[in-house]
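Residue numbers (our numbering), protein chains in the order written: chain A, 1 to 328; chain B, 1 to 328; chain C, 1 to 328; chain D, 1 to 328.
Hints listed in this document are in silico derivations from the structure and should not be mistaken for laboratory results.
Some clues are possibly wrong.
No copy is singled out in the list; a pair is fine if it fits within one copy or between any two copies.
[What the hints assert, rightly or not] No farther apart than 20 Å at their CA atoms in a straight line, the calculated lysine to any residue pairs in the SDA-like style are these:
id, residue 1, residue 2
1, Lys298, Asp287
2, Lys3, Asn46
3, Lys130, Gly261
4, Lys142, His228
5, Lys142, Ala155
6, Lys3, Ala81
7, Lys84, Pro61
8, Lys84, Asp103
9, Lys87, Ser53
10, Lys187, Ser324
Protein chains: 4
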Amino acid sequence: MIKIGIIGAGRIAQVHARSVSAHSNATLSVVSDPVEQAASALARANGARWTLSADDLIADPEVDAVIICSPTPFHAEQVLACAKAGKPVLCEKPIAMDMDTVDQLEKDLEGLNPTVMMGFNRRFDPSFAKIHSLANEGAAGKIEQVTIISRDPAAPPVEYIATSGGIFKDMTIHDFDTARFFLGDIKTVVAIGQNLDPALKDTGDFDGAVITLTNAEGATATITNSRHCASGYDQRLEVFGDRATLNADNIRPTTVRISNGTVTDGQDPYLDFFLARYEAAYSVELDEFLSAIDEGRKPSPSIEDGRKALELAEAAEKSARTGSIVTL
Amino acid sequence: MIKIGIIGAGRIAQVHARSVSAHSNATLSVVSDPVEQAASALARANGARWTLSADDLIADPEVDAVIICSPTPFHAEQVLACAKAGKPVLCEKPIAMDMDTVDQLEKDLEGLNPTVMMGFNRRFDPSFAKIHSLANEGAAGKIEQVTIISRDPAAPPVEYIATSGGIFKDMTIHDFDTARFFLGDIKTVVAIGQNLDPALKDTGDFDGAVITLTNAEGATATITNSRHCASGYDQRLEVFGDRATLNADNIRPTTVRISNGTVTDGQDPYLDFFLARYEAAYSVELDEFLSAIDEGRKPSPSIEDGRKALELAEAAEKSARTGSIVTL
Amino acid sequence: MIKIGIIGAGRIAQVHARSVSAHSNATLSVVSDPVEQAASALARANGARWTLSADDLIADPEVDAVIICSPTPFHAEQVLACAKAGKPVLCEKPIAMDMDTVDQLEKDLEGLNPTVMMGFNRRFDPSFAKIHSLANEGAAGKIEQVTIISRDPAAPPVEYIATSGGIFKDMTIHDFDTARFFLGDIKTVVAIGQNLDPALKDTGDFDGAVITLTNAEGATATITNSRHCASGYDQRLEVFGDRATLNADNIRPTTVRISNGTVTDGQDPYLDFFLARYEAAYSVELDEFLSAIDEGRKPSPSIEDGRKALELAEAAEKSARTGSIVTL
Amino acid sequence: MIKIGIIGAGRIAQVHARSVSAHSNATLSVVSDPVEQAASALARANGARWTLSADDLIADPEVDAVIICSPTPFHAEQVLACAKAGKPVLCEKPIAMDMDTVDQLEKDLEGLNPTVMMGFNRRFDPSFAKIHSLANEGAAGKIEQVTIISRDPAAPPVEYIATSGGIFKDMTIHDFDTARFFLGDIKTVVAIGQNLDPALKDTGDFDGAVITLTNAEGATATITNSRHCASGYDQRLEVFGDRATLNADNIRPTTVRISNGTVTDGQDPYLDFFLARYEAAYSVELDEFLSAIDEGRKPSPSIEDGRKALELAEAAEKSARTGSIVTL
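Generate coordinates for the entire structure from the input sequences, incorporating the hints supplied.
The following block contains the structure:
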């Protein structure tokens, strides 16, 4: 039984707490959050203790491993603290707000032989993972074009966007990792940013984007993002290879279709946003983290994957701001 | 170039006229209809002559082969007249209103070696035909259960029903032939008739039905009929064998899907009724008729197929009226 | 926290144990099974105690409510024992092997005001339940024809069939309840039984069946069953009303589609058999049972629903054996 | 009856000849091709005359309107000749191999008030046209992102590519017009070219591409092209607006689905290549051309649409060759 501490008590922490409680090889030990009400509520709901201090949680002898769900600016220091304490850590994305912080973190981690896993949950989505394993078995042949559609159901509050790091670090970061999951390291990035939503006009951030990546072999990945989508949380993937095309579609709560005088085979709205849509993915992700700990191996995706996704986010921001293709 | 005469100038005659005009190996020569306006309109639209008399048409030296689109009570005598004139004939379904007439017709045809094809167009629908050829190649293994859904978009006028021969001879007749197409000769018939549409209550006819057939090997075919369907002309087929299930779906004019706040992947209404839905089938059916003539062989489905479909219609009527299973 | 005792430690008991453990308002207290190894294994996996005696379990003061997962011949006596002990009970289907036993049970229960829920899990399947609620809201208009396809992936061992009560009580029983869920009480039953699988020939049981039911208003339900299906556990529902058609499709583990030189948009096999396919349904079913207990109301489906499904199974058997339509 | 002359007797000329022959308001009068065998074969099959000279065809008094299906280098001069002869012309895409030729043509046409329609058949595809009309009615709200997938089933011969003008003028030209159909005039173009097919390596042309366009309002269109696709001719469209997403899928010859132990709901290959896939589109296109002539109005898409698609092709080539975003 691996005893888990969760730093943070927000929405994503709640998902991880639920996965931990449901896992046969893990138990939730401690929750930390500077807002005591949040920490205690989450802890009580899962039979755990709570603290206001992330440091105390990391130091807690009843904590074997840590899941970091704090705001991004705290990620690097908390990963480092876990590494110093010799505790495996699963860190939510992104690893940091800027590359300098990641550079410094990697320097600081040298010699500590840390066990760090990045929370890129898409890799563990059963449909995306199945495509990945089919592709690995050669079902698609040589991968040539990856097409990722990723749209949120509705824009977050303006205040959230101000501290989000921008669409590429906040939202596309997942899609960058998905692109790398299939194409490996990326050579060029070109991003077109959109400002279409009047409500977000003053944030200075983009509310939509189309990004095209290429790898050294000339394969492409195209990501289409929007902060809103009338039909819900739109999450699709297509992998086109020279032997087959593999597609993953949106997921619905039921298989019900309705046919009447207006529409035929009309279906349910998609599962509402990431907590429901990627519930299975979060659970498989946790399982990979716990299995790696048990087996004494490094989990994947690694901190290096986190760094490279962030690098792509920065390159995309630069491309969109300057109107140029960025070579890495 | 095979010169065709069409008896009748109604809706179904118009479909056949169009197919004939479009066919590279046929030309429409004469149209006959007791209503001159109808005959002349259809003839003119296709550059053909017209007459009020079916007999004249059959006797016309510029008519090599005949398509019978007259009301059912005339079918038997016109088939016989064609046979006597040595002209191949494609006769719309059903072959007759009752079995006695068919018995007499078959007796009258003895020794005439006639070329008669029954207009069971479903056999030539590209999707149903593909399932048939897949099944013949063994893709489904041994066929065990056939499921036919066949619903009209809206009930015909009450006056039509009065002379239609009833739902089993008028509507299910096609589905009986489809069942025989896959299962061969039928041993037992049980039919449940429905009286659900208040507008048709006084016709004495059923407006819906569920019929289950079995063949000698114990395979079943289930037919579900309705005179109305809110989502349109509902025509589906499933063939379940011990190695696979084969399905044919409804057909739509476009592939467009709409996803919004109310529905996801909602699609177009189905193609409206049989003229549009089975347009391709009518065309392939004509091609089989003309090819058989050219090759000097008997076309399929035969008059015997017409007889057996009618026999099933009568058995279904008896089953539904008496509440019993009928053995043939 | 409602303390649950589970009678039986087989496959279905394991599903219920898992649902109980995962439920926030229930805890698994005791498991009973005459095979100690089975009882102890299931109990240990869920932190519960075990006993060899169902009576002891029912009497246990740490058991607030009971789930009966024993073989069918024990259901009636165990339901009665729970009722006498004043403990709510969720009983797996069918309620008994014959109507006499149910008659006696209902007589014995008189005056005990028992809380008994029958384990007809299909009613709680999210897709079937959604169709039911759409239908209740009037989305389909007046229901006219229900079509149920229900095929198992592979036949059970010959030994199982010998004690199963036959296909109608063992397998179709669920579909009878689904038909009643939409149509209410049934007036007529006609069943065609099939003997197609050579391996089951000597069992004397049918391995496939087509059953048509009607209610007093003349609506129909058609059930197509098979003990085998090459493409897996085939579970579909169509509700046709005068305003719309509602369909529920098979469920797959992922949304992945593959398109290559052989096939386009080919999809995953269906979820394998009832434990996976109806996992959500079992969980919602338990929730209804616990909620009813909490709220002091009678849960649904009731023992009367169990009785009526069994009555339909017997009528179907009679219809298939005698070749007649049975009126209830 | 409009008398049509067709210049050219190749594959695309054959499609147009078939559409003309089938149209109730047109007749094929003359075919011209320098290869007499080709000209005579096509003419004979449609009961027309033939000539070796395009000029003779244009001058022929029995030719009311012309369809140009010659190689691209002849398009401009033949359009001009038709304009001088006062004959409406439907010209296959692209209008020319380079912008200079188009500039000269437009200058030469000044004062001639020509009736010129460009053969961008996608606009007339029933599914794409339906999306366009839905979008015009406001069903999608404000259009924000258009996604076009367009892949050929197999690469053309190396010799064809040498004279094709390159992938952007030869293949993407259709998709550029589709983008303009939905977004209007384009402001920026960025194209990533791919060289993935070893067989085409020495052609110097790209065999795949991802192109992103933006219009003045910031809406995007993303085009993904490949010269090959294992699953066939892959032609899809998605229009994402702030109120809905509209999709058009690939088209198959039947609706048949197969489910067995390997795959579920596997479907037919797509319709093979453009002649079959866009058969309906060519026919509707012709109808628009003939209707415009009848009604004395200018048909759409116009020569200006041809010019702008070509401009986008040149911008894409420049972008892909220089690794920069091109502003128009």
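The hints, checked one at a time:
no., hint, verdict
1, Lys298 x Asp287, "within (13 Å within a copy, 40 Å between copies)"
2, Lys3 x Asn46, "both (13 Å within a copy, 19 Å between copies)"
3, Lys130 x Gly261, "between (37 Å within a copy, 18 Å between copies)"
4, Lys142 x His228, "between (33 Å within a copy, 13 Å between copies)"
5, Lys142 x Ala155, "between (37 Å within a copy, 16 Å between copies)"
6, Lys3 x Ala81, "within (17 Å within a copy, 43 Å between copies)"
7, Lys84 x Pro61, "within (14 Å within a copy, 51 Å between copies)"
8, Lys84 x Asp103, "within (17 Å within a copy, 70 Å between copies)"
9, Lys87 x Ser53, "within (16 Å within a copy, 47 Å between copies)"
10, Lys187 x Ser324, "both (14 Å within a copy, 15 Å between copies)"
Of the numbered hints given earlier, the model fails none.
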